[in-house]
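All chains, please: the whole structure from these sequences, using the hints.
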Amino acid sequence: MELKKRKDQWTKEDDERLAEIVLHNVQNGKTQLEAFELAASELGRTKQACGFRWNKTLRGQYSQSLLAVRNQPQQSMRSHLKLALTSFDELTEAYQTLEIRHRELQNEHDKLVKWLQQGYSLMKD
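Sequential numbering of the sequence shown, starting at -16, is according to the numbering used here.
It should be emphasised that the hints constitute simulated quantities derived from the structure, not laboratory data.
With a straight-line cut-off of 30 Å between C-alpha atoms, the simulated DSS-like cross-links for lysine-lysine are:
hint, residue 1, residue 2
1, 39, -5
2, -5, 13
3, 13, 30
4, 107, 94
5, 30, -5
6, 97, 107
7, 13, 65
8, 39, 13
Encoded structure:
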């Protein structure tokens, strides 16, 4: 007697792809729900079916991997924050340099205007 395979039965490839999608999304700061939506469209299932399969069957198998990828975005966020702060410091320094140069040019402009006004007054007389 041959066992019938349900047409909605999950294959090993389906499970692996679902896990890959979930882990990738979590690593990139997205939610598992977003991963289920993506997996649903890719695997031709509902997001509820993907969520159920993940939570009932796969989560336990991939718990270490899930924990590892959950910690990675925090490291990534720290490096992004560090880069942003460095960029902010560089921008602040550039702004201050521009501000000093602007004041110097403004003073030079004021002197030139005053000199031109004096010249105009002398020509008028």
